[in-house]
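Chemist: Here is what each chain is made of, one letter per residue.
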Amino acid sequence: MKKELMQGNAAVARGAWEAGVKIAAAYPGTPSSEILQDIAGTYPEIYAEWTPNEKVAVEVAAGAALTGARSMAIMKHVGLNVAADPFMTLSYTGIKGGFTIVVADDPNVHSSQNEQDSRNWARFAKVPMLEPADAQECKDFVKIAFDISEKFDTPVMLRTETRVAHSDSPVVLGERKESAMSMGLDPKEAPKYVMVPLNVRVRRKVVDERMEKLEAYADKFKYNVMEINDTKIGVISSGVSYQYTKEVFPEWSYLKLGMVWPLPKKMIAAFFKKVKKVVIVEELDPFLETEIKAMGYKIFHGKDVIPIRYELSPEIVESALKGKAYKAPKIRLKPGDLPRRPPNLCAGCSHRPLFYALKKLGAFVFGDIGCYTLAVAPPLQALHACICMGASVGMAHGAMKALGNEGLGKVVAVIGDSTFLHGGVTPLMNVVYNKGNSTTIVLDNRITGMTGHQEHAGTGFTIRQEPTNMVDYEELGKALGVKSIRKIDPYDIKACMEIIKEEMAKNEPSLLICKDSPCMLLRRAKPLERFKNSLYVIDTDKCRGCRMCLEINCPAISWHAEEGQTKDGQKRKGTVYINPDQCVGCEVCAQVCKFDAIVPGTK
Amino acid sequence: MKKNGKVTNIFLSGVGGQGTILASNILAEVFLKAGYEVKKAEVHGMAQRGGDVTTHFRFGKKVYSPIIKYGDVDFLLSFELLESIRYINWVKPEGKIVINNQEILPPAVNLGMAQYPKDVEKAFKKYFKENVHLVNGQEIAKNLGNMQAANVVLVGAFSNFFPEIKDEQWIDAIKALLAPKLHDLNVKAFYEGKKAL
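Chains A and B, in that order, are what the protein sequence lines are.
FYI, my numbering numbers position 352 of the first sequence as 352, with every residue one higher than the one before it.
For my numbering, count along the second sequence from 1 and bump the result up by 1000.
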């Protein structure tokens, strides 16, 4: 038996391979992105594709399942909101080949726009949900998910979260076993798959019957495990919350749920009989607690002491359950006294000059999801709303409709290339259709940047690096009916400001597309080649210490407080320094400097 | 190193791009091969953008939580001064600390709006006395011809705390994780780091 240390996400990929999965589709999103990357990179037996968004991923996987193929759709928690439409109804149709939706939650919002608890989706859609607690379980549960899926003719959800998805632990490897399901499409099955009211009513009943069978199955499910130790206190928990609690209270008894929906009612009843007091430890919503209380049980502790928001940890669980008896470690230094180190746009990033231009124009910026959301941070502070993938375009349109002529020249939507293809095209169509006049800027950096460089329909490559069609944003805009379409060079701040100002003032829809501005980390696009110089330096004879260049928040530029003067005798309180190891020569600071004190240097 | 069911907690901290993840992968390879259960957790959503990076690394006979309990760190291995002092409260009173003697200025300091902490070493020594070790990782790596190897220099220094692990086990792990053309440099970096402490 080969044992390997694997990240939870890699173990999910391995599980898919061992389970005989044929088709996997996803849109990247932290903390789920590595799953499909790993599938594409490691397991050639699985066809993998990045889809424009999660809804398409679920539909692709569902279509594949309908032919009898085991298939998988993968997304982060908020991705399931996008995919909810097909997902909710697939619960009615059932599947044919096994079908698993992997959804990765992000308690503590390490990298997300909300903290929703995906367990609620399982109850809402009436589908089973498994929740692994480490990488081995990630692999094992994926395989079980497919067995359950085929046995009960249902989509199955596998819920991970940051600390399972991005934690490594040992995994025993197995071999791939192809599914025994016969392949093919059968037109006679139409009543099962055509969800018109007559058929829906039939299937609606099947869903409830299926849930009853699944409840009985949950009571026998081998990963719902009772560990009876000290019977004074018994903990009901699942996933990583179980690990935290077991870590600090190893002596207690446990009911660890591998399947969090539906719940094993008989097992829960037996557990309440075996232990004197029951504590429920779960991250985020009181999901188990609400259900268990509704069954008529009284619990000793649950969300009365366990936090309802952010992530749990061993010390949070310990202090919550010990109360005053918890001894906190000694505070040697108040961490709040230290400067924070937030993420920043890379040196040379094309988003920096673009947002600087927008700030100078005083525009209200409807932003979107991506690296450029970082433009909200000081000192740039040039992004004023960000809700979800693609929202910028529709919101800017709505704001313009509400403001009327007052809004002209003041509002803009800014959206990345991958995000535009995910959810920005439809609202842009709407701007034109409903005679709007908002301006949309597509920050085309040729890749899905934030999640670590995934291909998309606009990059010209598939997930396995095969050359493919590349969406032409200009042609797409034309097809949607946008008349005013212009390319802008974000590195030319002055020209950019002029064009954006003109377009925002126009009483018609505008689409501006950033050109020749690939992500700094995208080597194949040779992002540095466009820069005339490889380095800029400060001319201390001229620098007046006005700090204007600090406003762009470039990681290469720092302030050095040291009184002095320019060559022509202008007093200054300090000067700036450009770190030559970090500077890539984008020239943005030189454009911002009013005293020509930033000049080309040599590396 | 503690045996008999005890778990050893190593906390790694640094700045995105410093190679902390490679360092933690080397540790994982070594302790997994040595027969322990290993768990490792990191948050790496936006680390490429120069944010802080931390890895919780735990090994022992049986490990439950993938993250270390606050205040339970046995070893702090830090790649940057500010990112070491940030976690001073996490370390056990008898914990050991290895810090790369490098400052990377965060945005607020660059902007002149905050002070970079002074005397990080002194602050640690106040509580941890002789258990605090500074290593000039950049300098050593630079002398070897590549600053990128500073992370492996730190791993080399850190290896001194585990005398029961042979040098070959560390070298094997380094070779298993790096491209062949980088082997010579990083093996040298490991030994130079080992000498540095």
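These are calculated hints, taken from the structure and not from any lab test.
Given the structure is predicted, the values throughout are model-derived calculations rather than measurements.
Built from N, CA and C at the ideal position, the CB exists for glycine as well.
There's no promise every hint is true.
Said to hold, decoys possible - Chain B stretches covered by chain A per the calculated footprint, using a threshold of three residues with CB under 8 Å from any CB of chain A:
#1 1035 to 1042
#2 1060 to 1068
#3 1086 to 1095
#4 1100 to 1109
#5 1116 to 1124
Chemist: With a cut-off of 8 Å between beta carbons, are at least three residues of the stretch 1060 to 1068 of chain B near chain A?
Modeler: As far as the stretch 1060 to 1068 of chain B goes, the hint holds, because 6 residues have Cβ atoms under 8 Å from chain A.
Chemist: Count the residues of the stretch 1035 to 1042 of chain B with a beta-carbon closer than 8 Å to any beta-carbon of chain A: does the count reach three?
Modeler: The restraint on the stretch 1035 to 1042 of chain B holds, since 6 of its residues have a Cβ under 8 Å from chain A and three suffice.
Chemist: Under 8 Å between beta-carbons, do enough residues of the stretch 1116 to 1124 of chain B, three at least, approach chain A for the coverage claim to hold?
Modeler: holds (count 3)
Chemist: Taking 8 Å as the C-beta cutoff, is the stated coverage of the stretch 1086 to 1095 of chain B by chain A satisfied by three or more residues?
Modeler: holds (count 5)
Chemist: Do three or more residues from the stretch 1100 to 1109 of chain B put their C-beta atoms closer than 8 Å to C-beta atoms of chain A?
Modeler: Coverage by chain A holds for the stretch 1100 to 1109 of chain B (5 residues, Cβ < 8 Å).
Hint violations for this structure: none, all hints satisfied.
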